[in-house]
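The listed protein sequences correspond, in order, to chains A and B. Its first residue numbered -12, the first sequence is counted upward by one per residue in this note's numbering. Its first residue numbered 233, the second sequence is counted upward by one per residue in this note's numbering.
If you're looking for bench data, these hints aren't it; they were derived computationally from the structure. None of these values were measured; they are calculated from a predicted model. Check before you lean on any hint, since a few could be wrong.
Derived lysine-lysine pairs resembling DSSO-like cross-links, with alpha carbons at most 30 Å apart [unchecked claim]:
1) B:Lys259 <-> B:Lys283
2) A:Lys44 <-> A:Lys97
3) A:Lys28 <-> B:Lys283
4) A:Lys27 <-> B:Lys259
5) A:Lys54 <-> B:Lys283
Each chain, written out:
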Amino acid sequence: EDKVVQSPLSLVVHEGDTVTLNCSYEVTNFRSLLWYKQEKKAPTFLFMLTSSGIEKKSGRLSSILDKKELFSILNITATQTGDSAVYLCTIPQASGGTYKYIFGTGTRLKVLA
Amino acid sequence: NAGVMQNPRHLVRRRGQEARLRCSPMKGHSHVYWYRQLPEEGLKFMVYLQKENIIDESGMPKERFSAEFPKEGPSILRIQQVVRGDSAAYFCASSPTLSTDTQYFGPGTRLTVL
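Okay, chain B solo, but in the shape it has when bound:
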């Protein structure tokens, strides 16, 4: 049973470009969470999605950031017109059911904005 998969593992973008980060949850998991980890800081919740629905996006910046989890395919975190402050590690986690406390994390995507 493969774990949570994220790609790319490393992504370099110039200011103003778009970044697309992908997350495939563990098999059988339909709940996906995105977290951001800035250098020397803890992980911060961004958004929680179920298939085709955004449930909680309270941690996601209102502009330039969007997330989706389509019926087929991975969850995508999209950052438009990236700025240097977007440089961070972005982690995806998944869980199998609504009420479980344990989330399983992917290896993260490290975004560097030049």
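Pulled out of the complex, with its shape left as it was, chain A reads as follows:
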């Protein structure tokens, strides 16, 4: 059965710290891995990764995929209180010609001022 495992489940840091969030997966027919940020509303898209070793970057956030070891990491540098959220890792799984998401449980990040 396809699965996505995220760690840690929760994390508390202080502003300015750097954090690394992990996502490991076991899926058949891997296509891509996506990261979303969920605050008290809709999950918002961060990154989609398809190739190993190519870092995607957006401001203080970056992510990379390792298809050999079957994991991805999401890095946040110089964290701010606005980074507090649940970070979701997901793998699209083929379904009826499109893709349904298999989600990890998420990592709850709290950044203290």
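For chain A, the structure is supplied; the task is to place chain B on it using the hints.
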């Protein structure tokens, strides 16, 4: 271009009542997905619909739950005879084409069953 819209945002029902959750996909999107998020858990896929068709309902409980996406109007997730265990956040997502990986999420409906 408005995003995915869901209503109501919060819904309170007593055990045994019916809950109706609505989702309007982004303009131009014809693929709708429903996910459920139980407290302290990740999102779990429930059902995928195209206009007037249920394509994959493998994640939806066999009883009391149903979904539709009519030719006109929003997609509806219907829960009959709700129980306390149905309390969760229900998220809808949409995508524009068959083969895209990126789904766009609505703000969710938080259902509380008393």
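Structure-based check of all given hints:
Between lysine 259 of chain B and lysine 283 of chain B the CA atoms are separated by roughly 13 Å; this keeps the pair inside 30 Å, and the hint holds. At most 30 Å may separate the alpha-carbon atoms for a hinted pair to count; lysine 44 of chain A and lysine 97 of chain A meet this at roughly 21 Å. Restraint check: the Cα-Cα separation between lysine 28 of chain A and lysine 283 of chain B comes to about 26 Å, which is no more than 30 Å; the hinted pair holds. For the given pair, lysine 27 of chain A sits about 23 Å from lysine 259 of chain B by alpha-carbon distance, which is consistent with the 30 Å threshold.
Annotation: proposed proximity of lysine 54 of chain A to lysine 283 of chain B is violated, straight-line Cα distance about 35 Å (limit 30 Å).
Figure legend: structure checked against the earlier numbered hints; the only hint not met is number 5.
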